[in-house]
Amino acid sequence: MPRISIEDLKKIKEEQKGKMVLRGGSHRAKVTVHMGTCGIAAGAREVMNVFRELIAEKGIQDVILTNSGCAGLCAKEPMITVEVVDLAPVKYVQVDKEKARKIFEEHVLGGRVLEDYALAIGSETMAV
Amino acid sequence: MSLHILDVAENGIRAGAKQIKILVDESLGDDLLTIVIEDDGKGMSPEFLNTVMDPFVTTRTTRKVGLGLSLFQQSALESDGAFEVESKPGVGTKVTVTMRHSHIDRKPMGDMVSTILTLIEGNPSVDIVYNHRKGAGEYLLDTREVRAELGDIPMNIPPVVSLLQSNLSEGLKELDGIS
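Residue numbers (my numbering), protein chains in the order written: chain W, -5 to 122; chain S, 4 to 182.
Bound-form chain W, shown alone:
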């Protein structure tokens, strides 16, 4: 069984010491992936994987990735909330891997809200 090496953890700790001072423990953006039963069934875990890969790939330090529960719009899942410092929080709906990549590039890194993917104003679509 592979053990998590204490050496590796110590190394990370050393590396982080300098960085923590630089960013003062704060973050620039937070991405929340809604992880209720509905979100999970619709593919939220894969969306989370995309963000995790992008953060690792680009070596980004100041973006936090987190989970929340169901927000009540189950038909619009997977949903994510993107909060960038100094910008209003935006909820994106029916996010897939492709949209997740775009949202990361444009909104999380670039600060440009992707209105087409955002939750529309008003209530959930009703059958007529």
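Some hints could be false.
With a straight-line Cα cutoff of 27 Å, these simulated DSS-like cross-link-like pairs (lysine-lysine) come out [to be verified]: (1) S:K176 - S:K110; (2) S:K110 - W:K91; (3) S:K21 - W:K24.
Hints in this document: simulated from the structure, not taken from any laboratory. Fair warning: this is a prediction, and the values are worked out from it, not measured in the lab.
Dock chain S against chain W, hints included.
Frame of chain W, contents of chain S only:
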């Protein structure tokens, strides 16, 4: 199965759990798959516990149906298994699921690496203990050990997540190799 596990564990976290224990035991000798998910969240009253398998019962205020446990139960029953929820208010909740390992309708384990990583990364202050046994092999990840080593460094920073990811992938691959 890994998505059901993620779902139940997230329930525990929403119930204020500080620690989630996940056991997956693939006992190939007696053809039994056992999954136990235990949290130290706020637990459920006996009255609520009686109604918890009803899909139209949920603690949510955001919607009126709660399907998580019912769906997991269905998966268990489809593959000659059983599903049990035990809970005590103030102590926590334990979900025990068994299935016949070789049953043709048993859903595959799925991506346990993603499930565990999602739990740790999305809830860095919650301790996750993941124990996976398969035949003679065993894998154990206890974030309390990692946390003790890291001190005040959060669990969800990219280098820690990558380290956990490779440890999980290797550990589970090794398990499949042994059995």
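Please write out, lowest number first, the hints stated earlier that are contradicted by the structure.
none
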